[in-house]
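Given only the sequences and the hints, what does the whole structure look like? Please build it.
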Amino acid sequence: MLENYRTVLYSDEPLYQKLYKIFTFIDNDYDEIVHFFDRNSNEVIHIDSKKYINFSINPLTGYRNLTHIIIQKSFYKSKDLVMILRKLKTLRPEVFVLVYLDSSLEYFEKLCSIIAQEELATIAFDEDDIFAWYEMTSNNEVPVQDDYIIKKINKRQNKFFDQY
1410 MLENYRTVLY SDEPLYQKLY KIFTFIDNDY DEIVHFFDRN SNEVIHIDSK
1460 KYINFSINPL TGYRNLTHII IQKSFYKSKD LVMILRKLKT LRPEVFVLVY
1510 LDSSLEYFEK LCSIIAQEEL ATIAFDEDDI FAWYEMTSNN EVPVQDDYII
1560 KKINKRQNKF FDQY
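Per the numbering used here, residue 1410 is the first one in the sequence shown, and the count goes up by one each step.
Hints are supplied without guarantee of correctness; some may be wrong.
[Stated by the list, open to error] Taking lysine to aspartate or glutamate and the EDC-like style, the derived pairs with C-alpha atoms no more than 16 Å apart in a straight line are:
(1) Lys1459 x Glu1515
(2) Lys1486 x Glu1518
(3) Lys1560 x Glu1527
[As the list claims (entries may be wrong)] Simulated DEER-style distance windows between Cβ atoms:
(4) Asp1438 x Glu1550: 34 to 40 Å
(5) Gln1526 x Val1443: 23 to 29 Å
(6) Glu1527 x Pro1468: 28 to 34 Å
Everything labelled a hint here was simulated from the structure, so no lab data went into it.
We put the beta carbon where it would ideally sit given N, CA and C, even for glycine.
Given below as structure tokens:
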């Protein structure tokens, strides 16, 4: 499933450890344990700082041969994240992008609506969603996220969007 993928993960250490465990498999043919989410390989770049997002955005001087980018929401404010996702969509349209929300949807309804409406990224709330996303993207598919689109945004949703 993860062959020929190059992923950049912007997350804290606990999320990386969860993904490392989820993407660990036993290869029965060779009778060994395989870690597809190993940051010691060339396929995964784990960055635990929000400072280096420009290396993923810029296709000329940044990371090369990217296939997937995962961004943990808590690294960025909502407005900054939308700006980053719009730049990624413009400069790296071939890369699959996922936003991992580590809080409840009620705080991020407007953010999720913008992401879904503009098709900026896939939204995930748990590690199983990330696993399913990798399975879908291996077939060049992305999940439909129309459920997140809000028809009318209220003051509370605007407040949370501006605050977080």
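Hints, one by one, checked against the model:
{"no.": "1", "hint": "Lys1459 x Glu1515", "verdict": "violated, 24 Å"}
{"no.": "2", "hint": "Lys1486 x Glu1518", "verdict": "holds, 14 Å"}
{"no.": "3", "hint": "Lys1560 x Glu1527", "verdict": "holds, 14 Å"}
{"no.": "4", "hint": "Asp1438 x Glu1550: 34 to 40 Å", "verdict": "violated, 27 Å"}
{"no.": "5", "hint": "Gln1526 x Val1443: 23 to 29 Å", "verdict": "violated, 38 Å"}
{"no.": "6", "hint": "Glu1527 x Pro1468: 28 to 34 Å", "verdict": "violated, 20 Å"}
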